[in-house]
Structure formats: C-alpha cells, structure tokens
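Construct the entire structure; sequences and hints are all you get.
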Amino acid sequence: MIAERTSGLRGLLPVVTALAVGGCAVTGGGESWFEEVAAERGLVFEHRSGHETEHYMPEAMGGGAALFDMDSDGDLDVYLVQSGSLIGPPGEQPGNRLYRNRGDGTFDDVTAGSGADDRGYGMGVAVADYDLDGDVDLYVTNLGRNTLLQNEGDGRFTDRTEASGTGHTGWTTGAVFFDYDLDGDEDLYAVNYIYWSKESENDCYGPVGEPTYCGPRSYNAPAIDVLYRNEGDGTFTDITTEAGIDRNFGNGLGVLAADYDEDGRLDVFVANDGSLNQLWLNQGDGTFRDMALVRGCAADQDALAKAGMGVTTADVDDDGDLDLLVCNLYEEGDSYYRNDGDYFTDVTALAGLGVTPRLFTRFGLGWVDFDNDGYLDLFEANGRVKYQSNLWSDDLYAEPNLLFRGSAGGRFEEILPRGGTIEPLIATSRAAAFGDLDGDGGIDIVVVNRDLSVHLLHNTAPGRGNWILFDLPGAAEGTVVTATIEGRRVRRDLRRGYSYLAANSPRVHFGLGAAGRIEDVRVRWIDGAIESFGIFDAGQRVILRRGAGN
Amino acid sequence: MADRQNHATAGLVSVSVLTLAFLGCADGGQSVEESAAVPVPGRLSEMDPDLVRHIEQRSAVVRERPEGMAGWMGLGLLYEAHEIFLPALECYRRAVRLDPDEPRARYHLSLMQNEAGDLESAVDNLARVTELAPEYAPARWRRGFLLLELGRLDEAAAAFRGALDVAPRDVAAQAGLARVALYQGRPEEAARVLEDSLAAGARHTYLHHLLGDAYRQLQQWDRAEAELMKGRESQAVWHDPWALESLNHRVEYYTLLNAAGGTSDSGQPEVAIPVMEELLRKKPDDRRALSNLSRAYLRIGRTEEGLRLLHRMRELHPDHFEAELNLAGAYEFLGQLERALDHADRSIELNPDYAASHRRRGSILLRQRKLDQAARAYERAVRLAPGDRLAWRSLGDCRLQLRQWEAAASSLENARRLDPENAEVLSKLGFARMELGDLKGAERVLVEAVRLAPGEARAANLMLAQIRQHLPRETESDDR
Chain S
10 MIAERTSGLR GLLPVVTALA VGGCAVTGGG ESWFEEVAAE RGLVFEHRSG
60 HETEHYMPEA MGGGAALFDM DSDGDLDVYL VQSGSLIGPP GEQPGNRLYR
110 NRGDGTFDDV TAGSGADDRG YGMGVAVADY DLDGDVDLYV TNLGRNTLLQ
160 NEGDGRFTDR TEASGTGHTG WTTGAVFFDY DLDGDEDLYA VNYIYWSKES
210 ENDCYGPVGE PTYCGPRSYN APAIDVLYRN EGDGTFTDIT TEAGIDRNFG
260 NGLGVLAADY DEDGRLDVFV ANDGSLNQLW LNQGDGTFRD MALVRGCAAD
310 QDALAKAGMG VTTADVDDDG DLDLLVCNLY EEGDSYYRND GDYFTDVTAL
360 AGLGVTPRLF TRFGLGWVDF DNDGYLDLFE ANGRVKYQSN LWSDDLYAEP
410 NLLFRGSAGG RFEEILPRGG TIEPLIATSR AAAFGDLDGD GGIDIVVVNR
460 DLSVHLLHNT APGRGNWILF DLPGAAEGTV VTATIEGRRV RRDLRRGYSY
510 LAANSPRVHF GLGAAGRIED VRVRWIDGAI ESFGIFDAGQ RVILRRGAGN
Chain Z
443 MADRQNHATA GLVSVSVLTL AFLGCADGGQ SVEESAAVPV PGRLSEMDPD
493 LVRHIEQRSA VVRERPEGMA GWMGLGLLYE AHEIFLPALE CYRRAVRLDP
543 DEPRARYHLS LMQNEAGDLE SAVDNLARVT ELAPEYAPAR WRRGFLLLEL
593 GRLDEAAAAF RGALDVAPRD VAAQAGLARV ALYQGRPEEA ARVLEDSLAA
643 GARHTYLHHL LGDAYRQLQQ WDRAEAELMK GRESQAVWHD PWALESLNHR
693 VEYYTLLNAA GGTSDSGQPE VAIPVMEELL RKKPDDRRAL SNLSRAYLRI
743 GRTEEGLRLL HRMRELHPDH FEAELNLAGA YEFLGQLERA LDHADRSIEL
793 NPDYAASHRR RGSILLRQRK LDQAARAYER AVRLAPGDRL AWRSLGDCRL
843 QLRQWEAAAS SLENARRLDP ENAEVLSKLG FARMELGDLK GAERVLVEAV
893 RLAPGEARAA NLMLAQIRQH LPRETESDDR
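Chain order of the listed sequences is S and Z.
Counting from 10, one number per residue, gives the positions in the first sequence under the working numbering.
Counting from 443, one number per residue, gives the positions in the second sequence under the working numbering.
Calculated from the structure, these hints are not laboratory results.
Hints are not guaranteed to be accurate.
Heads up, incomplete: computed chain S residues facing chain Z, CB under 10 Å, no partners named [as the list claims (entries may be wrong)]:
| no. | residue |
| --- | --- |
| 1 | 208 |
| 2 | 215 |
| 3 | 342 |
| 4 | 359 |
Derived lysine-lysine pairs resembling BS3-like cross-links, with alpha carbons at most 27 Å apart [to be verified]:
| no. | chain 1 | residue 1 | chain 2 | residue 2 |
| --- | --- | --- | --- | --- |
| 5 | Z | 672 | S | 395 |
| 6 | Z | 725 | S | 207 |
| 7 | S | 395 | Z | 724 |
| 8 | Z | 882 | Z | 672 |
| 9 | S | 207 | S | 395 |
Chain S regions said to be covered by chain Z (calculated; three or more residues, Cβ under 8 Å) [stated by the list, open to error]:
| no. | stretch |
| --- | --- |
| 10 | 225-232 |
| 11 | 286-297 |
Virtual Cβ for every residue (Gly too), placed ideally from N, Cα, C.
Written out as structure tokens, the structure is:
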C-alpha cells in the first residue's frame, strides 16, 4: 500500500522512518475498531487551509465539525466548517457544508439553498437551540466575524448575527453554549486565540532552517474571550467585562462548560496554547473567577503552560465528579487532571498517558466508550503544526491518530493498529466530533483533516458490548444522567461542547458490557431538579422527557 | 508486558528500517555498502546549506573511519543540535557499540530514545551510565524522571535518592522526590522536602510550584496560592552539562541567530555581536539579522552602527514595520523624541495591530509629557496584548501622573498580577491606594514592596510611615 503511493527507496524513507517512532509498530496485531467510510457514506468534503508559500498561522489551526439533528428526525446530521484562503478577497471562501443523514448513516449534501454555507475563514462550531423554538442552531467561529445561523426548521438557516449581537470579530476558535445563569436559555462563551493580522505575521524557522508556522507566543498577543448572555428574546449581550472574563486571557483553543466544583452552576474551562489554562468558576452572581492555578489545572506537574489544544471531560474514575483531559503539542504529554473534589491532581503518567501522546501533536479528542464495555476510551486526532525531521508521509504535518482502551479507575492502554483503523490514517487532523451516526449503538467519529478529505470513522470495535442511548429533548449542556450497571454507579453527562472546534452528539451514551439492562436511571437537570426513570433494556435509544419520571 | 515486547521488537526493527531508509536519502549513485553505514536525514534540499555541508563533512569522517567512536558522536551531536532525532539516535547507537563503556555516548543515546518514546530502553541505558559514571547525578535523576513518567514510582524514588547520595543538594533530585511523594498521596513529605530545599538556599522557582501543589493537597489554600504565584510559569529545567553538549554543535543559521539574540537579550551583547556579524555576512539582507545586530549595537552604545543597520533594514524592507519600530526605540534612546515619534507612527501605520508599537509610542509621548495621548497609546497596547506587563505598568504611571487614582490602581493591579514580585509596581500601587484612601490596602502592598526590595524601598518606607501615622487615628475614629 505504501509502496504503491511512492516510488523507489527515497519515497519510502518518510514512512518507514516513522515506523521507528514511538517504539511501537503501527500495523499488525489487534483488530481494527474503525473503518473509514466518508466517501462511500456521502460525506465528501475537503478542507482547505489556503496555504501556498507564506506560513500564515491560521492556516495551521482550522477545520471544525458538528454532529446535530438539524431536522429533528432523530438522526445526527453533519456540519463541516471550511477555512479557505487568506490571500484571496474576503467573502470568496468556499463555504461550510451541511449534510443530511438519510437515517442509515449515509448522507446527502444539502448545503445549496440552506443558507448554512457561511463563507468566513472558518474555525469551529457550537450548537444549541438558543431561541428555544425546538430546533438546533449553529454558531460558526471564524477568523473575522463569527456567524449565528438560526435553524428555521425546514432545512434553511438564517444569518442572525447582527440581530443577535454575537458577531464578534477577531480570531475565535472554540465556543460553547451553556446556561450559566440558570434562566432557562443557553448563553454563549466564545474563545479567542490571538490578535492576529497578516501584517503581524512573523517569519519563523524550524531547527534545520526551514520556514515554518510560528508558535502563538511569538506574537505576544493573547486574546480575551467573550461571554454573551442570552436575553431570551433572540438577542445576546456581551457581558465579558461585567462577568470578569476580561480579568485573564490566553491563547485559547478548547473549551468546556461543566460544573467542576459541584455547586450546581456551570463553570468554564479553557485550554490555552502556550499560556496557563483558565478555570472560570461560576460565582453564582453573574461573575466568574479564574481558579485554574489554585485548583491545579493551569499547568502540568512540571509547571509548564503547555500547548493546550482540545479538551474533554467526564467522570472517568467513577467517583461522581468530572475529570479533565487536555491534549497538547509534540513533546508535551497529555494533561489528565483528576478531580479530587476541591482541586485537580495531574495523574497523566499514572493513567498511562505519559508517553505515547507526547510523540504527536493532538487536537480533537474525546473520552468515549467505543467498545461499549462500560469504561471510557480515548481517541486523539493528530497533526503537526511544525516541521519535524521524522515524517509519516509527503504531507509534512500528517500523523496517525491514537486510540486508547480505558479500564477501571481511569487507566488507558494504547490500541494497535494505531488510531484503531487497519491501515493507520495519516493526515493533519483537527476537529474530531463524536456520535452514533447510523443508530447501531457504536459511537462513530468525524475527523476534519487539514487540506485533505474528511474521515468518517465507522465504529466496528470487536466484541462491542451492549449499549443504550438517552435523548433528552430540550435539555441543556451539563445535564447529568446517572445509572447503575451491574451494581456499578456510572455518571455520563449531556455534553456537546468538547474536543477541538467541534460540537458533538447531545445524546447520552452508556456502554453496558454484558449487562442486558441499565437500572436506577436518574437525570439531574441543569436547574438541580432530579428525576428517576427506572430500568431500561439494552440496545435502544430512549427519550427521557422532563416531567415523565418520578 | 505485551507493550514492552512491542517496544523491544520495534527497537530491533528500527535499526534495520532506518538503515534501509538512509539508503534512500543518500546521494544517488552510492553503493549500498558505502551509504548503509551513515544515517542521513530526508529532505536535505530544504535544509540550511551550512547544516547540509556540516552533515556531509561529518558523514565523510565516519565513512572514512567507521570504527572511530568520536566520529559517530560528532555526527550524532550535530543531528541532535538540530532536532534530527532518529539519525542522531542511530549515530549514538553506533558509538555505543564501538565503545560500550563510554558513558557520554550512552547518555546521549538515552536522550534520543526518550525523544523517540522508547523510555524503557532509555531507563536501561541510564542505569548503565550510572554504573559507568557513578558521580554524575543528572544521569540518576533523569532516570528517576523517566521512571516517574512510566508510573514506576518506587524505582523513581530510589533513583532520586541515588542522585542525592552523590550530590546531597541536587535540586532536581529533591524535586523528583517531592513529585513521587505527591503522586503517592504524601503531601506532608513533599512539603517537608521542598521547604528544606528552599530553606537551604535553593533558588529554583519550580520548587515553589511543587510546594504549592503540596499545600493544595494539604488544603492550605492561602499558602498554596502564594507558592503557586511564585512558581507561576517556572520550568522544571535542571543543570545537566552533558545534555547541553549538543548546543555547541549548532550550525544552522536561524538556530544560531536565535541563540545569539537570546544571549544579547540576556545582557551579554558583547558575546553575541561577533556571532551576529558573521551571520549577517552570510545573509546581508536578512531582516532578523539586521534587527538583532542593530539592537545589540545600540545596547552597548555603538549607536552609529546600530542606526546605520536600521536604515539599511528600512530600505530593504520598506513595508515592514519592524525597522520603523526599532528606529523609534533608537531615537527615543538618543532623546530625539520627535523623530522617534515619527517612526513609531509609521510603524503603527504599517501594522496597526502590533502592541509593542503602541507601547513605544506611549513611552515617547510620556517622555514628552503628553500624558493623555500617552495613556491612550498604552490603552491600545494593553487591548492588543493584555499580557504586556510593561504596558500596564507604564499605563499605571501615566494615570498616576494624571492623578487618575482609580484608573492608576486598576492598571497597576493588572501589572502586579502579571509581575507579582515587582517592587516598583507594588510601590506605585501603594501610592495609588493611599490617594484613594485605602490605607490598609496600601499598607499591605507597601509592606510587600519593602520585603521584595529592602535596599530600594525608600519611597515605600516613607509612605508606610505616613500611613501608620494615620492608621491608628482611623482605628480610633472607627472605635468611636
């Protein structure tokens, strides 16, 4: 396969040299957990960074994805964020694409006439029913003005950016909708990376003298994020200053909204690239306070403010609170911050994530139970931002992805073949969005690759266990579902905003292993109300409506 | 266990694979026998020509005398210095094969194995290095840190203790031991190790970060916060002369230029200038070389030469703001403020979003006593770069001079947040708070200012004396 793509030994060099990296073979042994089926399923999309000769930093960062039910027909549709060109005239970008799920995990491109083809130099996307009209809307982050696309419910989207007041201009990367003030509608947190313009671009060179992308620190221009309060009438108010969000700043990328101190209010965690992370604890009075340093998730055990890219959160160790994982640049391990109640402890090495990840530059990631054994696994979508001497392909930035099997207590072991596909997918990957696209109970992945076709990784994990999916119509980010599986109490949250530049399935997925049913299912809604829904048999998607429980 | 087997197998595979791979990269026409022995990286054509020349020269040495261990070391160090890790690893492997009892080659081999993610082999090699060079503590603590990364905590602790046996005040080993204790849930022990180390005079700020971690686990929040602030953005980088050896083998243009720039910026422009001059001879039009060398000249008072280079840079790169910005700085330094302001304005015209240009403009205007305009320039600078501590401090200065006490206090608070141990900032913040009538708040920061810089705290002490005259009366008044 490799030899077919190249000619002669010179061509062979990059790939075979790369085999030595990591001390692990990348093929052979083990079964694949995924097969790449994007084209055959109708997901035809090629991301374009616009890179020609100059190295403009935004080219290295973009490519977002959302999995959301745009037409309320019960399956997940796909929205892919395009970048374009930084050289051509603004407004002439190729535009984002919208794909409707036919119901079986195959897709039709329905972009034309939908109004969803935002033509900014795109980065990422957040989703929510911001106007509470029953369908899911999109917020697209760009280099330049962001765009709020209101879902009209009939396959069309209307640009409501100006009317809503959410058209922040700058370089926004991650974004998340969440109800910080518990008033019933979801507010919006938009993460900004750096203040950047073509004029402020620097010349940077790698260790062998080759021109390359600069790191964010070289611009010395970390940006302040933006918090918008949803006023409930279709408009938002920028409350960044009054909420105290302008009290700190960083080169922000990944973002999460979750209740880390278990006080019933959603906090915000921002992964910063080369500057200290932020943990904005919600004070309950409309303000936030950055407590990352004191709580222990600002830097790693080496005090290093690492290059935080993607983020994910879940109760990995079954102790009832939310742990945190941030992925980083080559030579920097992941940062697995175990929630110990009042503070986080960096237990990356103890979890088995100290070595292999640091050989790659990771972006999109998710703690997801791919094999339905009841324990969360880890997928990381990788791709460099700088030249390194060991190459995986002709694409200087391409790398394979990583897949780890999770086990009790939050420990991880790498699955080979690397990345979980029978032939490792070598690409410069950015967003990874997670959800069950074909209704078979296995969580699939959509990966956006820089200057390459999108990947749809259909879950084919061997010996996959039983499963159940819960749909919670109208429920907000951070809604908690707990249940008992063969005597073990497990927590899974409704969370769309995690990974990198991605919006993920809003459904709450439980892998059940060999268990045939799930018991004592309870939902803690975002306002703190708790409802019990009882027992369910495995192998189905169940709708849990508020008020239908006890 | 299965993993370890994979690692071992891949390690064996990698030698032959690399050897094969290098064939493909060698110059065309070479025989298999000749080139198979010499690891050459891919994409030579995209590398700095000087680096390629050195690679060729050193490769020729090992090709001519493949049994010479020093030749392999030289080529390995050249690769390592330029982050060409896998060929470096292979060179060190050959060196070790030729002289298994030479500790430095084995040490560098372990460094490269770490880079390649083969920690198990790196740990084994470091164990052998400690046998060969028992007094070299970094080999011991480096092994400890790798074992920590592998989660082998007891072995890590033993390695750190071994380092302390040969170097009882080794800070890296003390930090390592503290980290093991933290991992094992013994924060009291970690705190004791770190407190002892700091009490004994260790100055590494990372120790404060770790001590903050320990206090956090002990739920001593105030102490934790204080230590974490002191250790903020510190780095766990330790003195290891053997690891630094490769730095002397840097030949690539930009690597050298960056290193020389760093040397100049850290206060040794005289050392950096000859290197920079040599580099500029190689690329006479290079903007970065012109910029770095002109700054170094200006730093040591070779003003004419600095200005000449900056004007040349301006001619060569008329649309780039950097020459204008540097000229603004140079003329401000010379006291030619109008001329400096013109260049700052031109720099902003060329790149309105560059914070340092606005800061420079603010600085010039402040010297011209145009305080309102200076404040506006600094405001623009901090909006573009909220982490610019210098701009916040200068904005605070401006506002103090404008007698805008509240705004001054706010700016200086930001400066303090970014630079918590800057006595001057604290002193000025104390003054602003005094003027706002917040005597207790002023006293707190002034006491801190005096603590941080007792020798330069005259103004702070005077203010403290004034405050303390007033504070009792205030208290009495409160009592009444």
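To see whether the hints hold, each was checked on the structure:
| no. | hint | result |
| --- | --- | --- |
| 1 | 208 | holds (4 Å) |
| 2 | 215 | holds (8 Å) |
| 3 | 342 | holds (8 Å) |
| 4 | 359 | holds (5 Å) |
| 5 | Z:672 <-> S:395 | violated (32 Å) |
| 6 | Z:725 <-> S:207 | holds (25 Å) |
| 7 | S:395 <-> Z:724 | holds (25 Å) |
| 8 | Z:882 <-> Z:672 | holds (23 Å) |
| 9 | S:207 <-> S:395 | holds (19 Å) |
| 10 | 225-232 | holds (count 4) |
| 11 | 286-297 | violated (count 0) |
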